[in-house]
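S.K.: In case you want the letters, here they are:
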Amino acid sequence: MALLEITDLRKSFTAPDGGKHEVVRIARFALEAKAQLALSGPSGTGKTTFLHLIAGILAPDAGRLVLDGVEMSALPESARDRLRATSIGYIFQTFNLLQGFTVLENVLLGMSFGPGADRAHAEALLRRVGLGERLNHFPRQLSTGQQQRVAVARALANRPKLVLADEPTGNLDTANARASLALIREACTENGAALLLVSHDPAVLASFESHASLAELNAASRPNGGAL
Amino acid sequence: MTLWLLVRRSLRQHLLSTIVTALAIALAGGLLMSVWAVKRQAHDTFTGQTGGWDAVLGARGSKLQIVLNSIFHLEASPGNVPWADYLDLASNRAVSLAIPIAVGDNYRGYRLVGTLTNYFTQADYAPGKKFAVAPGGDIFADGYREAVVGSFAAQRLGLKVGDEFHPYHGLNFDPNAQHQETYKVVGILEPSNTPADRVIWIPLAGLQNMSGHDPNSANDVSAVLVKLRTPVAGKSLELLYNRQGNRFTFAWPIAEQVAYLFERFGWFDQVLTLVAWLVALVATGSVLASIYNSMSARKRDLAILRALGARRGTIFGAIVFEAAAIAALGMLIGFVIYFGVVSVVAAVIRAQTGVVLNPLAWDAVLVWAPAAMIALSALAGIVPAIKAYRTNVAEGLAPES
Chain A
1 MALLEITDLR KSFTAPDGGK HEVVRIARFA LEAKAQLALS GPSGTGKTTF LHLIAGILAP
61 DAGRLVLDGV EMSALPESAR DRLRATSIGY IFQTFNLLQG FTVLENVLLG MSFGPGADRA
121 HAEALLRRVG LGERLNHFPR QLSTGQQQRV AVARALANRP KLVLADEPTG NLDTANARAS
181 LALIREACTE NGAALLLVSH DPAVLASFES HASLAELNAA SRPNGGAL
Chain B
1 MTLWLLVRRS LRQHLLSTIV TALAIALAGG LLMSVWAVKR QAHDTFTGQT GGWDAVLGAR
61 GSKLQIVLNS IFHLEASPGN VPWADYLDLA SNRAVSLAIP IAVGDNYRGY RLVGTLTNYF
121 TQADYAPGKK FAVAPGGDIF ADGYREAVVG SFAAQRLGLK VGDEFHPYHG LNFDPNAQHQ
181 ETYKVVGILE PSNTPADRVI WIPLAGLQNM SGHDPNSAND VSAVLVKLRT PVAGKSLELL
241 YNRQGNRFTF AWPIAEQVAY LFERFGWFDQ VLTLVAWLVA LVATGSVLAS IYNSMSARKR
301 DLAILRALGA RRGTIFGAIV FEAAAIAALG MLIGFVIYFG VVSVVAAVIR AQTGVVLNPL
361 AWDAVLVWAP AAMIALSALA GIVPAIKAYR TNVAEGLAPE S
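In order, the protein sequence lines correspond to chains A and B.
Letter by letter, the first sequence follows residues 1 to 228 of this note's numbering.
Letter by letter, the second sequence follows residues 1 to 401 of this note's numbering.
These are calculated hints, taken from the structure and not from any lab test.
Just so you know, not all the hints are guaranteed correct.
Okay, the calculated beta carbon distance ranges per label pair [stated by the list, open to error]: (1) A:R64 with B:E395: 24 to 34 Å; (2) B:I19 with A:E133: 29 to 39 Å; (3) B:E395 with A:G44: 52 to 62 Å; (4) B:E395 with A:L135: 30 to 40 Å; (5) A:R119 with B:W277: 39 to 49 Å; (6) A:L135 with B:F268: 54 to 64 Å.
Here are some chain A residues the structure puts well away from chain B; computed CB gaps all over 10 Å [what the hints assert, rightly or not]: (7) D17; (8) K20; (9) S43; (10) V66; (11) H121; (12) A203; (13) A212.
Per the computed footprint, the stretches of chain B lying under chain A, defined by three or more beta-carbons under 8 Å from a beta-carbon of chain A, are [stated by the list, open to error]: (14) 7-21; (15) 308-315.
For each residue, glycine too, the CB sits at the ideal point set by N, CA and C.
Turn these sequences into a full structure, and let the hints steer you where they fit.
M.R.: What follows is the structure, given as structure tokens:
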């Protein structure tokens with residue numbers, strides 16, 4: 001059984017004119033445990049909405065979304081929050097680090113809503129991503145590449161089964177992007193987490209053994225309403 | 001731990017507004033506690049301030065004026081009591097001790113009170129406590145121009161044993177109304193924390209015969225302080241002087257007269273308390289405004305926390321907790337303000353009346369006022385907490401343009 005199974009997933013938003021604007025319509029999608037998959041996702045293909053649906057940040061209008069045997073789409077918001085806190089790590093394009101918290105606190109918060117804060121584990125993760133000497137620094141005191149590494153450590157802090165990465169290299173230069181991508185993949189492998197990464201960067205996509213096109217998966221993103 | 005970390009960091013991130021809001025709470029809370037404690041302590045201290053006496057006999061007039069004049073050494077005497085009437089009262093079987101006092105002069109604003117030496121030797125100013133003269137001094141001798149100075153008056157006037165001074169006529173200081181007589185300080189009283197501390201005591205005859213005083217009143221006294229054999233005896237004396245006679249007023253019981261004064265000014269207490277509560281409400285409103293106004297800036301952080309798995313209830317609780325923490329911080333400073341305000345008020349009251357309030361005295365307001373301020377602030381925090389509760393995570397996480 002796959003770690004993530006999606007069937008007939010749909011999500012619409014209300015347009016300014018009051019009508020419904022469908023953003024996600026995915027018939028089938030699956031991701032195996034510990035697998036690493038890159039999804040090509042240019043603008044307008046609903047990649048962020050898709051990742052938010054998987055993370056439980058958004059509730060689908062219809063369809064089934066099963067994560068590790070739990071039908072997430074049927075859960076109330078608080079239960080989705082709990083599942084996200086315990087089973088999912090999220091790496092954002094803009095890192096979304098909490099500026100008022102130290103590097104260590106950012107990582108501790110990544111686990112405190114789920115399994116509970118484990119300082120030793122948080123410090124080990126930060127040492128793993130090369131920030132062992134920066135535990136008490138604030139994000140603004142770090143370079144962009146270092147901030148990305150904090151985001152990676154935080155995403156793995158709750159020992160997730162699935163890591164979602166939304167354009168994780170979008171804000172990095174080529175050298176940093178390559179290093180960061182390697183770190184994300186290695187860290188996920190070491191921690192036994194599956195990785196679902198969305199990017200529109202061909203170099204990133206090419207580095208993955210498995211990749212798919214979100215534009216092809218998401219019928220709502222196609223001008224003809226789904227016909228391939 | 002997580003909640004405390006969130007609150008601690010948020011307070012630090014919004015340090016300026018945290019400090020300003022906490023100071024507003026401190027001022028309001030300090031004021032509220034001060035008003036309450038001063039009100040209660042002043043009432044208890046003044047109504048409990050009988051000087052050890054049960055009643056006062058004075059010329060026909062207001063009981064309150066007689067008590068203020070003879071016990072608190074404030075106000076003027078409504079008139080005189082002839083010496084024969086003093087002797088008559090002193091010999092009454094219901095009276096265990098009666099001591100006359102005479103007023104009418106001052107030294108640089110501090111009242112001179114003439115009395116007999118048994119005021120110091122026989123009377124207790126509080127249960128089991130008699131006036132004591134500081135080492136190196138003594139009580140004046142009847143018939144001599146000697147003075148015993150209350151501790152506060154001595155300190156303020158800089159008088160010490162051996163000093164000499166000329167009294168001034170009247171209860172208010174007039175530099176042109178100096179008497180010719182010279183009095184010598186023979187003793188300084190140990191502090192009694194009563195109005196007696198701000199009085200200069202001289203022999204009764206000295207005050208009665210001071211130059212310029214009416215020779216026809218030379219044997220009169222201003223009032224007679226009375227200690228009864230049994231408390232109920234006051235009723236029969238009250239009947240005798242107040243109902244059957246019309247020359248004198250028998251003020252009994254003393255505490256009741258002062259309580260009546262507080263009752264008359266009860267409306268002032270209520271206004272003061274109302275103002276203090278309004279200030280407290282405005283201060284807690286500032287907690288609401290301060291956190292609410294920062295909500296837009298926090299939108300992203302709240303969305304990130306939610307994306308990390310924080311439940312809506314956790315976010316709600318963190319904001320309410322933050323409001324309560326600001327109030328708690330403010331109330332810590334509020335205690336300092338309370339101590340400062342009560343110390344100043346106590347110094348003023350002591351200077352004006354001799355009655356001593358204790359800024360460090362226990363009062364229940366020191367517990368319930370901080371609790372009320374924290375609870376009110378937490379309540380005020382519910383408004384921004386609802387806004388935080390409703391944070392749209394997806395919207396908050398969207399990259400800033």
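S.K.: Take the hints in turn and mark each one as holding or not.
M.R.: Here is how each hint holds up against the structure:
1. A:R64 with B:E395: 24 to 34 Å: holds (26 Å)
2. B:I19 with A:E133: 29 to 39 Å: holds (33 Å)
3. B:E395 with A:G44: 52 to 62 Å: violated (18 Å)
4. B:E395 with A:L135: 30 to 40 Å: holds (32 Å)
5. A:R119 with B:W277: 39 to 49 Å: holds (46 Å)
6. A:L135 with B:F268: 54 to 64 Å: holds (60 Å)
7. D17: holds (19 Å)
8. K20: holds (17 Å)
9. S43: holds (12 Å)
10. V66: It holds; V66 of chain A is separated from chain B by about 19 Å at its closest Cβ, greater than 10 Å.
11. H121: holds (15 Å)
12. A203: Nearest chain B Cβ is 21 Å from A203 of chain A, so the label holds.
13. A212: A212 of chain A is indeed farther than 10 Å from all Cβ atoms of chain B, at 23 Å.
14. 7-21: Coverage by chain A holds for the region 7-21 of chain B (4 residues, Cβ < 8 Å).
15. 308-315: Contact hint for the region 308-315 of chain B vs chain A: holds, 7 residues under 8 Å.
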